[in-house]
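Engineer: Read off the chains here:
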Amino acid sequence: MHTDMFSYTVWIPLILLAAFLLVGLLSDKLKPLVAGLISTAAILLAAVLAYSAAAGYFFGAGLQDGHYTTLIPFEQLWLRFTDTLVIKMGILLDPISVMMLVVVTTVSAMVHIYSFGYMKGEKGFQRYYAFLSLFSFSMLGLVMATNLFQMYIFWELVGVSSYLLIGFYYQRPSAVAASKKAFIVTRFADLGFLIGILLLSYYTRTFDFMTLTQPNSGILSSAAGVSFMGASVLTWALVLIFMGGAGKSAMFPLHIWLPDAMEGPTPVSALIHAATMVVAGVYLVARLFAVYALGAPAALEVVAFIGAFTSLFAAIIAITQTDIKRVLAYSTISQIGYMMLALGVSGYGSEAGLGYTASMFHLFTHAMFKALLFLGAGAVIHAVHSNEMTDMGGLRKHLPITHFTFLIAALAISGIPPLAGFFSKDEILAAAHGHYPLYFWSGWFVAGLTAFYMFRLYFRVFWGEDRQYEHKPHDAPPSMAIALIFLALASVVVGFIPFSHYVSANGEPYTTHMHWQVAALSVAIAVAGIGLAAWMYLRPGTVADRLAAAMPGLYKWSKNKFYIDEIYLWVTRTLIFKGLAWPIAWFDRHVVDGTMNGMAWATAQVSEKIKGLQSGQLQQYAYAMVLGAVAFLLLLLYWGA
Amino acid sequence: METATLLMMRNELSLLIVILLLLLVELFAGQGKRIPYIATGLFLVHTLLGFWPLPEGTLFGGMFRSSPLITIIKSVLNTGVLMLFMQAGSYLQKDSNRGKITEYYILTLATLLGMYFMISAGDFLMFYLGLELATIPLAALVAYNLSQMKSIEAGAKFILLAALASGIMLFGISLIYGATGSVYFADLAEQLQLSPMLFAALAFFLTGLGFKISLVPFHFWTADVYEGAPTSVAAYLSVISKGAAVFVLITLLFTVFEPLFAAWEILIYLMAVLTITIGNLFALRQQNMQRFLAFSSIAQAGFILLGVIAGTQYGMSTVIYFLLVYIFSNLGAFGVAAIVYNSSGKINIDDYRGFYQTNPKLSLVMLLSLFSLAGIPPVAGFFGKFFLFAAAAEKGYYWLVLIAVVNTIISLYYYLRVVRAMFLDRSEEPIGRIHSDVLTRLALAISVAGIVLAGVFSQVFDWIYTVSWGM
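If you read the protein sequences in the order shown, they are chains A and B. Going by our numbering, the first sequence opens with residue 1, and the numbers climb by one from there. Going by our numbering, the second sequence opens with residue 1, and the numbers climb by one from there.
Because the hints were derived from the structure by calculation, they are not lab data. Since the structure is predicted, the reported quantities are computational estimates derived from the model, not experimental observations. Heads up, a few of these hints could be off.
What the hints assert, rightly or not - Pairwise CB distance ranges (calculated):
{"no.": "1", "chain 1": "B", "residue 1": "P196", "chain 2": "A", "residue 2": "V626", "range": "14 to 22 Å"}
{"no.": "2", "chain 1": "B", "residue 1": "V405", "chain 2": "A", "residue 2": "F587", "range": "21 to 29 Å"}
{"no.": "3", "chain 1": "B", "residue 1": "P196", "chain 2": "A", "residue 2": "T603", "range": "45 to 53 Å"}
{"no.": "4", "chain 1": "A", "residue 1": "R172", "chain 2": "B", "residue 2": "W52", "range": "28 to 36 Å"}
{"no.": "5", "chain 1": "B", "residue 1": "L16", "chain 2": "A", "residue 2": "L33", "range": "19 to 27 Å"}
The beta-carbon is built from N, C-alpha and C at its ideal position, and this holds for glycine as well.
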């Protein structure tokens, strides 16, 4: 019935896989331009399919009996372990997966187009596009997964492609180190994810999202009933799963990889580390939201707290960074913290699930304006060949398109009406207020910080005086400008989408209203933040330096990112390597290796001893055969009866 | 008899036609270098025809059977032979083989015809005829390199031991006839019971098939013969001949010898343990690539017995799946070894040092094949072993599975030894760049595709599983 009309959605990821294989296998045999065109054509085709699926779903077949149903247009058995434990691969369509389809294909397509200009003439252009296709394939497989296991597989694939893209400039040691760091930190978090999946599926006997998120099915009761160290196993499982999400989405204290990941090419940062992969953690919690909300509200509290804390923490760090990509990286961490917070404070239901809607809404709008910010930053870097704000200034005259689009994005993220960020942030703050006022005030404060650091960046880059540029900075070439303008338009209009009509925790559409008090408060602090930034940075003066000198402690801590990296280093070097690894290594070398070597020695000895059997003598072979036959007979006569 | 019923043996007929056509080609066109292409092309047509499903039924009063499963098995064998033919072309075109190219194809296809009859047999007479037809031409193939003493020695060893094995088996069959008065499989199943005479019959019968599959202690010929035979014949012995015999073994054990389960369970168990362990221990110390692959294939046959002993629909499908994967993996490994030997004359594992530097693509094929043979995830060989172990564990053979797992770890050592030589070791004078012909490369590509795809797509296994119902 309705599922049939969506069966084409299976081609969305497959097209990209085909593009990856084609470009990846032929790589150097293709001309760079051809490779780029193949990948871009694939993502554009996927985007068209995704848009038609979204239109078909939201305005047609998706809405049944007053709420959005989950459709599975395609599902295939992939691995059968036993009759009950099977792993499937499939396509799941529900409001959030369809929304993610649109986000991923849109941003990815823009990044594909933008990269023609940005990566022009780079060595490994074909490799770059192959990896982009691989990433888009994995990300789409992740969002459309029908079960936890499929999601986990694509989750890892996404991690691999991110690793490959961060380390794209593999001649640069810092890029290699950053890619390794990202991989190791997220892998560590994924360990928690995997344990969580195993725990959950052990008690519920299923991996399927459809079955898991069925309210009132009683499937969760067995896991909720067993308790371990003061919390139910279900809570533990969900906290562990959240740990995986926190790793991918760079939540405190697993956020340390994201700023370093900025070593990758800037369009990659826009795609992976701003709009799509990093929100996978938010998506994961949203995907399992019914399980969180109905089965283990305590785990949801953890999500809310981590989200609120991270958003504040990262915003403070962003204030003092001077590398423009790092400012944006911390800003991303902070905004994802918002999304987590919104999920954490949400309840299950339509109106009660305002936080859920708000989180997805913010994910959607954030993808547009944050990708735009990154692409704009890329255009700036492209023009001045530096990431440091101190090397920039007065660029608004040289880069008019970049300047204008960047300004729109900065206003959007600061929550200035009527741009997209205003609406989604408003809903988040309203939801937080309904849950626990402290979350509201911290979120409100973060809104001010956001406006401040964003405009600090904006003023320092685009206003002020010209620096000594190697050559006159030139504005973005057409391919880059198209992407910037498209995303700027999106940042203006997507806020007007009545999101709650489409996405809600239980699938029932409802209508939200503006929360005027919240809106007034948040606009006020945003304007204050912008004003402060203008006062401090618009005029060439010493206000900023004097302020930094007045609060040396706080400035230093923020500038050094609260020394989180150093703490990790100390823990790994001193505690783990010296305290733990050394004794284990000794045991391994002397006891384990000794045993293994002994076994290997014994095997070799036996092998040596019996080599005489294979003598090459025909008579002996025949003798052995007859002897074997007779021995079998005797054995049967003795045992068989 | 109507033509329609005769078409039940369509596969046999079409293979016979291919053989006759090849004879005619030799008569009229001589021994040109085009023969390999003609033969491969004809066989390709035959293989494609073979995929056409056949109904269930019997011919000649029950002597000949046909079923969907049997058709699949024949297609599996066809695929293997086709890949082998694609690889063998460049070897046969050498000047030293002038005048006997067609011989290779006709003899090989004659043995394949024998295997068809063996698999389709409905009574012991047909089975025995098939077995002989599948064995005697093989001896000629093993001795194909008439100019080399080693090849002749291998041929002599093979024919003598094969005769001995056939003799013992025929003795077993006559005991069955003596005990029951019938050689028809369908009648036998009801009449067999646990008695000393039938124990003897069973032991002797297993000796004969054990020889074909090279199970310990009937395996001694394997290494000497593989070493002496041309590489493509060794590959044929290790994959096709062995595969056909395994199919027959599992079918007969679960149809005819079903009542004697308690007896053959012990023998299969014992042979599995011995075969895996001895095969591994000998493989550890081999330097010669062909001897190395010989012992590796002995050990692999031991693993197959795990699925045989499990004996359910699941067990049957695991065996077929494993064999399919094994064909791809072993033909990949043998194929690379053959290319190397034919172009450089090098055959020792140490000669493969630095192979990756000069021939990255070939060494990747070898790597994948060896990974698959060793059972390293995620290539198909891992799932093949995993399913076999799962089938045996499901039936409660935990000790057997444990022994097999320990042996898998030992086998890692020798498979990785080759990988290390190719990828990590440096060499002063590595094997030079090799350029192989299109057909060979295509065959290797099919191997690689099989190794990767059969692991990724579970549909392959599910499909086999569905068809295995009611063997």
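Engineer: Determine for every hint whether it applies to the structure shown.
Structural biologist: Here is what the structure says about each hint:
In this structure, P196(B) and V626(A) meet the distance hint of 14 to 22 Å, their C-beta atoms being roughly 19 Å apart. Under the hint 21 to 29 Å, the C-beta atoms of V405(B) and F587(A), about 24 Å apart, fit the expected range. Checking the proposed 45 to 53 Å range against P196(B) and T603(A) shows it is violated: the Cβ atoms sit about 39 Å from each other. The beta-carbon spacing between R172(A) and W52(B), approximately 59 Å, falls outside the hinted interval of 28 to 36 Å.
Between L16(B) and L33(A) the Cβ separation comes to about 56 Å, which falls outside the hinted range of 19 to 27 Å.
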